[in-house]
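Asker: Spelled out, the chains give:
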Amino acid sequence: MRRIESGKVLSNHKLAKGMYRMDISLPEISSEVQGPGQFISLTVGEGWQMPLRRPMSIASIENDSISIIYKIFGKGTVWLKERTSGEVIEAIGPLGNKFSLDKINGKEIILVGGGVGVAPILYLHDQLSKDNQDHLLIVGAVTAAEQFLEHSPKTGIHLTTDDGSVGEKGTVMTMLEILADKVENPYIIACGPEPMLAAIYKFTTEKGIEGQFAVESYMACGTGLCQGCVIETTKNISKEHTYHQKYSLVCSDGPVYDINAIRI
Amino acid sequence: MTDLNTTIGSIELKNPILVASGTFGYGEECDEFSDVNQLGGIITKSITLHPREGNPPPRIVETASGMLNSIGLANIGVDRYISDMLPKYDELDTTVIMNIAGSSLTEYINVLEAVEAVPNSLAGYEINISCPNVGEGGMEFGVDCDLTSQLTSELRQRTDKLLVIKLSPNVTNIAAIAQSAEAAGADAVSAINTVVGMSINPATRKSNVYTKLCGLSGPAVKPVGVAAVYKISQSVSIPVIGIGGITKGEDVAEYLLAGASAVQVGTANFRDPAAGLQILTEFHDFCDKNNISDLTELIGRLQNDT
Ligand SMILES: Cc1cc2nc3c(=O)[nH]c(=O)nc-3n(C[C@H](O)[C@H](O)[C@H](O)COP(=O)(O)OP(=O)(O)OC[C@H]3O[C@@H](n4cnc5c(N)ncnc54)[C@H](O)[C@@H]3O)c2cc1C
Ligand SMILES: Cc1cc2nc3c(=O)[nH]c(=O)nc-3n(C[C@H](O)[C@H](O)[C@H](O)COP(=O)(O)O)c2cc1C
Chain E
1 MRRIESGKVL
11 SNHKLAKGMY
21 RMDISLPEIS
31 SEVQGPGQFI
41 SLTVGEGWQM
51 PLRRPMSIAS
61 IENDSISIIY
71 KIFGKGTVWL
81 KERTSGEVIE
91 AIGPLGNKFS
101 LDKINGKEII
111 LVGGGVGVAP
121 ILYLHDQLSK
131 DNQDHLLIVG
141 AVTAAEQFLE
151 HSPKTGIHLT
161 TDDGSVGEKG
171 TVMTMLEILA
181 DKVENPYIIA
191 CGPEPMLAAI
201 YKFTTEKGIE
211 GQFAVESYMA
221 CGTGLCQGCV
231 IETTKNISKE
241 HTYHQKYSLV
251 CSDGPVYDIN
261 AIRI
Chain H
265 MTDLNTTIGS
275 IELKNPILVA
285 SGTFGYGEEC
295 DEFSDVNQLG
305 GIITKSITLH
315 PREGNPPPRI
325 VETASGMLNS
335 IGLANIGVDR
345 YISDMLPKYD
355 ELDTTVIMNI
365 AGSSLTEYIN
375 VLEAVEAVPN
385 SLAGYEINIS
395 CPNVGEGGME
405 FGVDCDLTSQ
415 LTSELRQRTD
425 KLLVIKLSPN
435 VTNIAAIAQS
445 AEAAGADAVS
455 AINTVVGMSI
465 NPATRKSNVY
475 TKLCGLSGPA
485 VKPVGVAAVY
495 KISQSVSIPV
505 IGIGGITKGE
515 DVAEYLLAGA
525 SAVQVGTANF
535 RDPAAGLQIL
545 TEFHDFCDKN
555 NISDLTELIG
565 RLQNDT
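Sequence lines, in order, name chains E and H. If you count the first sequence from 1, position 143 lands on 143 in the working numbering, and the numbers rise without skipping. Numbers in the working numbering are just positions in the second sequence, counted from 1, shifted up by 264.
If you're looking for bench data, these hints aren't it; they were derived computationally from the structure. Mixed in with the good hints, there may be bad ones.
Unchecked claim - Some chain E residues close to chain H (C-beta under 10 Å, calculated; not the full set):
# : residue
1 : R2
2 : M19
3 : G47
4 : W48
5 : P51
6 : V78
7 : Q133
8 : G228
Said to hold, decoys possible - Distance condition first, Cα-Cα at most 27 Å in a straight line; then the derived DSS-like pairs of lysine-lysine:
#  : chain 1 : residue 1 : chain 2 : residue 2
9  : E       : K107      : E       : K182
10 : H       : K278      : H       : K352
11 : H       : K512      : E       : K75
12 : E       : K14       : E       : K107
13 : E       : K154      : E       : K169
14 : E       : K103      : E       : K8
15 : H       : K470      : E       : K246
16 : E       : K107      : E       : K207
17 : E       : K246      : H       : K352
18 : E       : K107      : E       : K71
19 : H       : K470      : E       : K202
20 : E       : K75       : H       : K476
21 : H       : K512      : E       : K8
22 : H       : K470      : E       : K75
23 : H       : K278      : H       : K553
24 : E       : K103      : E       : K75
25 : E       : K107      : E       : K235
26 : E       : K107      : E       : K17
27 : H       : K476      : E       : K246
28 : E       : K103      : E       : K130
29 : H       : K470      : E       : K71
30 : E       : K8        : E       : K75
31 : E       : K14       : E       : K71
32 : E       : K17       : E       : K103
33 : E       : K103      : E       : K14
Note that the coordinates shown come from a computational prediction; the quantities given were computed from them, not determined experimentally. Glycine residues also receive a C-beta, built at the ideal position from the N, C-alpha and C atoms.
Chain E with its partners taken away, still in its complex shape (with noise of 0.2 Å):
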């Protein structure tokens, strides 16, 4: 069930250039979250400058409380920057599904995480080693600046940068396409900006690959009320809260889609 709740600001650090990590209190949403690709919608601003709230996936839940990894964008994701330990934030929340695993059938995931993308990658990341499921992970910036994770091939954790200050030199695309090739049976996950999601969507529609997208777009409820987050299906995967078959709500039938259920 979702909830809206104000919670305590429990820490508020950065994590690379312009990405931030908050962690806020909010014991009632996360024990009702279900699983990575979820996200939660927090009031910013002071009164009603700023109407409409900001959605964040959820990128990890300890002891009651979420934590989002956060780019900083505009003037709502300044203000998120700005709050200190001990202030409230009001969330709602969980929103949305959860990326499913049953659609994996025993094959090898890639786990791809773009900007701040990475948010629901690397939650579902800590939930597969968890689990003992083996899989790869890939995650792109700029520069090593933007990276806050540590390039490890060995246990599968590959940094991408443009300017290979960090990990390998490219896009997401260059390491996907070799990882791809390397393993047999190769099942995709991704989040990221959308040209990122363009480039996998076009390699995995060529190769005949399967996957999942957690998609974003722009909001104004995150409830099912407004009709204003749609993307394009490519089949009728509409459920109870679309009402319509070419269009899908994100906040309530996504943000996971399979890749080949949506065009982008």
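With chain E held as given, fit chain H with the ligands onto it using these hints.
Answerer: Here is chain H with the ligands on its own, set in the frame of chain E:
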């Protein structure tokens, strides 16, 4: 304790706070946050004759204290509204008003007749006249007195239920449109629908919303709504329902003082699906603090010496 009852036509509302069309879905999406039975009423999402997918994305962008939307009347169509939604409204203990949209006079009539033909517990209809009329070269019904009058009287002939005409602020003289609706038999008018707006990303030189022109709502439009209600209530004798930017109890009082008999909460539901109930609590407190015994002490009681 203030008596919060208010009357719109023949319908008595338990309190003056309703939720606005298109901002509360079909009334069931946010069950877990909000007991709709405590609200004065629900206006359901605009329904057209056939289901509509709505406009391509992006459909939404935030603006200073507001938002722009161009949903494109995405809805399930009247057949599914009748089969899936109407039975659910029988179970509710609040006033449910159906909002109807159309792109021709015939479409409005067909939708209303389809619903009139089945037994249901709807209190009545709110007619969204901010729709382009295909037959009249795309001119909106709501910008023209004659079209408004024709539409209202055609619908009036076909229903005894509450008939509310929802007015667009994007007109030269909103009071004149309200008078046309009144003369043609409307029980009430509601105002305002969204204000035409647009937002461009200077870096990409593209519109931030697919349809370019879209509708502004939220606190940014509240003064526009209050002024519209004031102008209308000065020129008609049917009740006015105030809409636009309501986020707190005092906003309700402001609309009532300008002449509204009830209000609708829209955009605020997006931040908090229980906004209507929160606003109700605040409004109740406001009334108690100001020793208001019933709402006639507020409605239209703007003091003229500033
Ligand atoms: C399901 C989902 C999960 C997300 N998870 C994360 C995450 O884990 N970490 C993270 O940093 N970001 C995430 N985002 C994107 C994040 O919501 C935006 O970066 C943020 O809203 C920008 O707000 P702002 O005020 O800083 O920017 P502004 O540009 O000032 O925002 C203006 C408006 O645009 C909206 N907006 C701007 N960019 C986006 C975007 N990319 N997606 C959706 N709405 C946007 C804002 O919500 C706001 O309504 C997610 C988005 C969605 C839909
Ligand atoms: C996302 C969105 C969808 C809307 N859909 C409808 C609709 O289907 N029919 C209608 O008559 N008004 C619709 N409206 C207008 C609202 O009902 C209301 O008149 C307007 O938003 C002003 O009120 P507010 O500032 O409280 O939101 C919509 C508004 C928004 C923001």
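Asker: Which numbered hints are broken by the structure, listed smallest first?
Answerer: 2, 6, 7, 12, 14, 18, 24, 26, 32, 33
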